[in-house]
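Peer 1: Residues per chain are reported as follows:
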Amino acid sequence: MKNTLAHRLDTLALNTALADGTHCRAIEAAEVIRLADEAGVTGRTVELAALRHHILPDRYLRNMKTLSEADQIRLLESTICIVGLGGLGGTVTETLARMGIGRFCLVDGDVFEAHNLNRQLLSGVDRIGMPKVDAAVMHVKRINPGIEVVAASAFLTPENADTLVGSCDLVVDCLDNIHSRFTLEAAAKRAIIPMVSAAVAGISGHVTTIFPEDNGLEAIYGPEDQLKTTKGAETRLGCLAPGVNLIASLECAEVLKVLLKNDKTLKNKLLVVDLADYTVETLQLS
Amino acid sequence: MTTPHIQLKLFAALSPFSPENSDRVPIMPGISVKEMLEQLHIPTVKAHLIFINGIKRSLETRLSGGERVGIFPPVAGG
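Those protein sequence lines, which keep their order, are chains X and Z.
Numbering follows my numbering, with no gaps: position 125 of the first sequence is 125.
Numbering follows my numbering, with no gaps: position 65 of the second sequence is 65.
To be clear, the hints were calculated from the coordinates, so they are not data collected in a lab.
Cβ atoms here follow ideal geometry from the backbone N, Cα and C, with glycine treated the same way.
Some hints could be false.
FRET-style restraints, in silico, Cβ to Cβ [stated by the list, open to error]: (1) Pro26(Z) <-> Val150(X): 53 to 63 Å; (2) Thr61(Z) <-> Ala276(X): 33 to 43 Å; (3) Thr44(Z) <-> Ala276(X): 40 to 50 Å; (4) Leu40(Z) <-> Pro145(X): 49 to 59 Å; (5) Leu40(Z) <-> Leu117(X): 36 to 46 Å; (6) Ser153(X) <-> Pro43(Z): 52 to 62 Å; (7) Thr61(Z) <-> Pro145(X): 13 to 23 Å; (8) Leu40(Z) <-> His179(X): 28 to 38 Å.
To spell it out: a stretch of chain Z is covered by chain X in this simulated footprint if at least three of its residues, at any positions, have a beta carbon under 8 Å from a beta carbon of chain X; those stretches are [as the list claims (entries may be wrong)]: (9) 22–28; (10) 36–42; (11) 66–76.
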């Protein structure tokens, strides 16, 4: 009993307080890593055990009280798949790792190029030529080594989509072309999981959440078979960091709502943003 | 009697086609969205997503005046 994880957590927990003064017990991030090594488990497992004993991993102190302990547990128990690790995907990966998602499946077959540097959080001059998925795994592990990560350095195809998406609770569409988005949506529907989807051009973009029963992308782009040669407006306008980061943050807010069963999601709605004149509007898709 | 008008918001690559009076574009009552765009020399082939008063509609939807019309080209960047 003395050496159980619960006992070790109880011994190491510190008395501290939330920002509003509420007393709580917390475990330091370094102790989580040490306990995980001792017990031969992941840091995620240690964090879950701590939360179940009302001991808050100190990295989540400022998530309280907008999130509850139960919310934090639910996020740690969740597995999400992020497809596309460029502008949207880099910021989505960073944000959701910090929020406390426990398991990631990260997918991108691309490598960094110089024209990514204007917006892609995971890129850097020392990373030109590096697979984006390698940079994403390193970034997640730097934020929290206890997060469990599966990585695929591959482009999404109809052949690999089901395998990549199948074991996840939710998929985040951070892709950069219409055709692949439809491939991902089809896989998410077969896996019966929701897909949070966003797209950017210039300093404008939109976000939605597609549940398996929804019309989804067809309501936004029209029928897939009529889109063979259609290119997005971003081919002319580029993608600028303020637009990408804002839209990525909106995707993250949506992921949290869906995972935490909040009913105010963007199901059958499209949140559109245009920073040119600060238009922000939620539109009804059906 | 004043001429009916609409508010027109063009997004992304359609934005440069916005008329100067986009907050108060005069229209003929009963005109379709497609006809209205053609009159303003806005390329309808790029008008993929049409919203009228915040609800998805189509190029064929007819306008009576007083509507807020939003139009998106396909957007897919990340």
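Peer 1: All hints, please: hold or fail.
Peer 2: Cross-check of the supplied hints:
1. Pro26(Z) <-> Val150(X): 53 to 63 Å: holds, 58 Å
2. Thr61(Z) <-> Ala276(X): 33 to 43 Å: violated, 25 Å
3. Thr44(Z) <-> Ala276(X): 40 to 50 Å: Distance hint for Thr44(Z), Ala276(X) is violated at roughly 21 Å.
4. Leu40(Z) <-> Pro145(X): 49 to 59 Å: Because 57 Å falls inside the window, the suggested range holds.
5. Leu40(Z) <-> Leu117(X): 36 to 46 Å: holds, 38 Å
6. Ser153(X) <-> Pro43(Z): 52 to 62 Å: violated, 39 Å
7. Thr61(Z) <-> Pro145(X): 13 to 23 Å: violated, 54 Å
8. Leu40(Z) <-> His179(X): 28 to 38 Å: The hint (28 to 38 Å, Cβ to Cβ) holds, given that Leu40(Z) and His179(X) are roughly 31 Å apart.
9. 22–28: Three-residue rule not met by the stretch 22–28 of chain Z, so violated; n is 0.
10. 36–42: As far as the stretch 36–42 of chain Z goes, the hint is violated, because 0 residues have Cβ atoms under 8 Å from chain X.
11. 66–76: With 6 residues close enough to chain X, the hint holds.
Checked against the numbered hints above, the structure violates hints 2, 3, 6, 7, 9, 10; every other hint is satisfied.
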